[in-house]
Every structure is written in structure tokens, then in C-alpha cells.
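Line by line, the protein sequences give chains A and B. Under our numbering, the first residue of the first sequence carries the number 2, and numbering increases by one thereafter. Under our numbering, the first residue of the second sequence carries the number 16, and numbering increases by one thereafter.
A few of these clues could be false.
[Stated by the list, open to error] With a cut-off of at most 20 Å between alpha-carbon atoms, the simulated EDC-like pairs for lysine to aspartate or glutamate come out as follows:
| # | chain 1 | residue 1 | chain 2 | residue 2 |
| --- | --- | --- | --- | --- |
| 1 | A | Lys167 | B | Asp25 |
| 2 | A | Lys86 | B | Asp186 |
| 3 | B | Lys79 | B | Asp186 |
| 4 | B | Lys178 | B | Glu188 |
| 5 | A | Lys108 | B | Glu267 |
Because the hints were derived from the structure by calculation, they are not lab data.
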Amino acid sequence: MSPGMIIALVAVLATSACTLAGIFLVLRRMAMMADAISHAILPGLVAGYVLARGPNMLGAFLGAAVAGLLTVALVETLTRSRRVKEDSAMGIVFPALFALGVFVVSKYFANVHIDTDAVLFGEIALAPFDTLEIGGKSYGAQSLWVLGGLTILNALFLFIFYKELKLSTFDPGLAAALGFLPGVLHYTLMGLISMTTVGAFTAVGAILAVALIIVPPVTASLLTRRLPYLIGLSLVVGVVAALSGYQFAMLWKVSISGMIATMLGVVFGITLLAAPQQGLVAQTVRRRRQKRRFAMEVLVVHLATHEGTNSEEVESRLSHLETDLHWSTETVSRTVAGANESGLIRQTQDHLELTEQGRLLAHTVAAR
Amino acid sequence: MGMLHDLIFDYTLRNVALGSAILGIVSGILGCFATLRRQGLMGDALSHAALPGVCLAYMITGKKTPIVLMLGAAIAGWIGMILILRIIRHTRIDSGSALGIVLTVFFGFGVVLLTVIQNGNDANQAGLDKFLFGQAAALVQEQVVTMAILGGIALLVVALFYKEFKLLAFDPEFARSLALPTHRLDLVLTGLLVVAVVIGLNTVGVVLMSAMLIGPAAAARQWTNSLSHMLAYSAVFGVIAGISGALISVSEARLPTGPLIVLSITAIVIVSLLFGSARGLVWEWARRWRNRRSLQAPPLPGESGTAVAEGTV
């Protein structure tokens, strides 16, 4: 495989691993926990480094998983003490752990090269050259193995515990009552998030790992309300952003991780605007249509109220609407034209008269 | 006495201490409103969102002067904030997801711009990342003065709108019913967070900014139930953490300032959570223990010896 192919494959595998882990995190409205964990695992990595007496994959994973679970446990303990709110608890715990990590690194490992920049930004371009070697034999890029393994692990977790995850996310009370151990499930999910973050950030950087966990599921949630579609769409969004981001990064010779995160933002932005149901454009159109419909209903009810009374002569006058209903000239002309078109009213010079259809609508509206 | 002498007469030390103190006051006070409004993590998102602004400001002007970079950071932070508030307001997306998206995407875009600058191979570009990861020891007087002016303006705004902000923090519905322009006030109050973040970027850096906003406020909350007292406590805690962290880091050259300030504020938070006079956990535990003791009641009159409480009720 060419280095370019390997980088693209690493990007795709990082995307699928992170996105699969992120779906239920986002659905549980805990997206920022990914950010917190991605920072808080630093002391765990340091501890893994110390205990394994050197850089060691297993040490890093275990250390990170423990630190991630510790973060979640600390945040929950603080929240449950009801002394601080949940977001504050998160904002206290993860900087403290991160600061502790930086402190230990700079005080005791100043001679060891742990580049905080590389941790944050990642260097996916180096992925093909960091090969996995066992017994002097090379098995290809290490990131491929790690991220491939994480993808399989996360997919298996989703597949096996699909029902349990779904229930404990949408109805934790019922899940607990049925004996589904939502707590165990929750901590397993958080442990997976921690390990996925570690596996991904050595390749793509912590920030992109968080972006890949959060952005695809949120984007997909704008497009569908059904869980199976949500999972599929999340993967599509992530992979599209990863591959296009990689291509643009090659084209403009800029950071690959940064460009993938940027493309995630672009895909999210387009979806936010153009999603068929929940998109901002669709919302605006819907709101305008409702407004016009409502104005027409007000008009027919107004006319129906005064129909056959002494004041009909005055109230049905077109020029009277502006003062009576506090409408602008524009609203009046638009509403009258609309009602005319829909066959609700007839206009004779300055006077408005209800049609049979208009009278019917007025009655249904008034009966509501 | 040596420390105090240095604090007043040593140029570097004075700048570091002053800068950290200014940050402590401003973030302490604005953090109170942020945490009360459950916007604690907003500071984290905004500080990351500032990166592309810093890069663009440098790319456009070609200058690295603090005021230019701070302005760029402020503009990008402001745009990020507007986006977050819009997303929360107009979609079903929850606030955490909105924060996470803006944080990561803006930061990613900033990293792209950083590589563009580095490709330009400009000898002048070194030091941009320092701006983001904070290096209090490198603060120059010009920066400290800028920080003081910005912070002063922010605090002045808080003083002017104190009543409105208080209402907004505790009962936004009531504020709206009084026909206060809550939406605009919300923008101003959240916008002040951008100011705090811009001040903080110089000292503690992006990652740890959220602790500077949340820590002092969360600690102060444990000592009092009144907002004005909370603001005062929070500002004092912010200053103590800022100065002590800065002093330790300068006295031991190898240690970065940001993490030490954050560790100081964490210590203050832990002590406050345990011993805070209004809501300290230790007092509650003591009370609970006493209550439990008094529930294991003395034997009822007429009964002999053993307590009833054990198992019979």
C-alpha cells in the first residue's frame, strides 16, 4: 500500500471507531464528556508510561481507560453532591487532571519528549512510518491495527448491547427496573470512549478525535429520528468528511487533521441549513407558511363575525383592516391576495365578502 | 520579604503577578454568572474558537502585537459564541453538542491556518502557539496594560448592568416578563466571557481557561448564598490562585504557569467543597451523623434497655 492509501485508510478507521463510540454519547447529551476525557487521560498516559517503564501501547491504553473512568466518576460524584452543577463539575475535573499531567511531565520528564502540540493536533502524516513490529517482523502501520481493532470492538459493543443501550439511553428508569444495569453499561461506554480517544489521538490528534466523536452523530441526528439510520448516516458523514478533508489537505498542503475537522464543520453547516425537516431553511419556510395561513384564518373569522350585522358595511372594508387588525399595508395586501386565491373571499371594489368555503373555514377555526 | 521585594521591583515577576491577578479578578467575577447560568463550559469552547481568529489576524496584518492578536481572538470567539447560541436556540441539538461542535471545528480550522502560516516559512511566526498555550513568564508590560484595560471595561459593564444580569442569571422568565431585552442582555453577558477568554489566553492558555472561569465561582458558591458576596469571594479566590500559581512557576523555571494556576484553584475548590461555610460537605456529614445518633433513640419509657430502632420498625 502506498503511504497515501494508508493515511486515507487510517483516517477512515479513526472516523468509524470514534463515530461508533460517539453515537450513544451524543444521544445521552454528554458530548462534552468526550472533550473532558480527551484531556483528562493525560495523567493516565503518564502513569502508564511510569508503570510500564517506558512507552508501551498496553500501558497507555490501560492508563487512559482508568483516567477516563476516574474523570466520569469524579464528575458524577461532584454532581451528585449537589454542590456544583454537572457542566461546572466537568469544567473543574478535566482541567485539574490535565494540569496535573502537564505538571508531572514538565517536572519529572522534562528530558522525555512528550510534545503537547502533537497530542493536540496529531500527526496522521507520520502514520504509515510508525509500523507494528513483533519479533523483528513488520506487520504494517501500527495505527491501522489499533484503529481497526477499536472499530471492531466498538461495533461489537453496539451490536451486542444495542437493545440495552437504546433502552438505558431513552428510558434509564425502565432499564434499571428491568435489571439492565445501566450503570455498568454507562461505564463500559465511557471506558470505550477513553480507549478510542487514545487510539485515535496518536494518529489524528485529540481535538480531531473529539470532533469525530461528536460531529457525525449530531449531523445525522438532524437528518433522521430512527436509530439504525442514525448510525448509518453518522458513518457516511464521518467518512465523507475524512476523505474530502484528506484530499483538500493534500491539495493545499495543510494539516490533515485540521482539514478533516474543518470538513466536518462544513458538512454539519450544510446539513444545519438544508436538512429537510429540521434544517434552518425548512424551519423558516414552514414558519412563514404558518404565519400566512394564520393571517388568512384571522381574516375570515373577522369577516364572519361581522357578517349580517350592522357593522358589516364598515368592517368588511379593505381600508379598515389596517387599523382594525393592526396589520401593515403589506400584510393586508398579501393576506387578501392569498385568501382570494384560495377562494376564501370575494373582493368587490373596496369590500370583502366571504365565499361559502371561507365561511366554512371561519366556523372550523372558531370551533377549535 | 525577598519575594515581596521582587514582586514590586522585578519586571518579569511584576508582570506575571499583575497579569494573573487581573485574569483572576475578571474570570472570577464573570465565571460566577457563567456557572449560575450553566454556561461553565462556554469558556472552554470560546477559548478554542479563538485560534482561527489569532491566525487570521496575524495573516492579514503580518504583525504579532498583542492587541492585534487579541482582537482577532475576540472576533473569532464572538462568532463562535453567536453560532453556539443560535444552534441551541433554533435546533433540538443540546448545548453540550453545540459547544463541542464549535470547539472542535473552529480549532481544527485554526490548525489548518497555523500550517498555512508555517508553510509561508516566515521567521516572524514563532510564538503564535505561545499565545494559545499561555506563557505568563513571557508577559510584557504592554500586554498587562491591555489586559487591565479590557478587564476594566468588562467589570464596568457588569457594574452598570448588575441588576439586570442578576435577574437574567436567576429568573430569565421573570426578566422577560418585565420587558427587559433578555436576548440582547444574554449576548452582552456571554460576550463578556469572550473578553475573559482573550485575557486568559495570554496567561493560562486555551485548554485550562475553563478552570479559571469555573473554579473560583464554584468555590465561592460554597461560602455564601448571596450573589454580591459570591462575586467578591470568587474574585479573591481567582487572584489568590493566579498569583500563587504564577509565583511558583516563576520560582521554578521549568514549570509552566497555566497548570500551576489551575492546580492552585483546584486546591481552593476542594477546600471550599469540604469546609465552605454555607454548603461545606463536612458540615453536612457532621449534621447527618448527629441526626443518625439522635434517631437511635434512648429507650422508651417503660421499656428496659435495648433501643427500638434496630430492626423492629
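Results for each hint:
1. Lys167/A - Asp25/B: Answer violated: Lys167/A to Asp25/B is near 61 Å, above 20 Å.
2. Lys86/A - Asp186/B: Roughly 17 Å between the alpha carbons, so the hint for Lys86/A and Asp186/B holds.
3. Lys79/B - Asp186/B: violated (43 Å)
4. Lys178/B - Glu188/B: Holds - the C-alpha atoms of Glu188/B and Lys178/B are around 15 Å apart, at most 20 Å.
5. Lys108/A - Glu267/B: Holds - the C-alpha atoms of Glu267/B and Lys108/A are around 9 Å apart, at most 20 Å.
Hint violations for this structure: numbers 1 and 3, all remaining hints satisfied.
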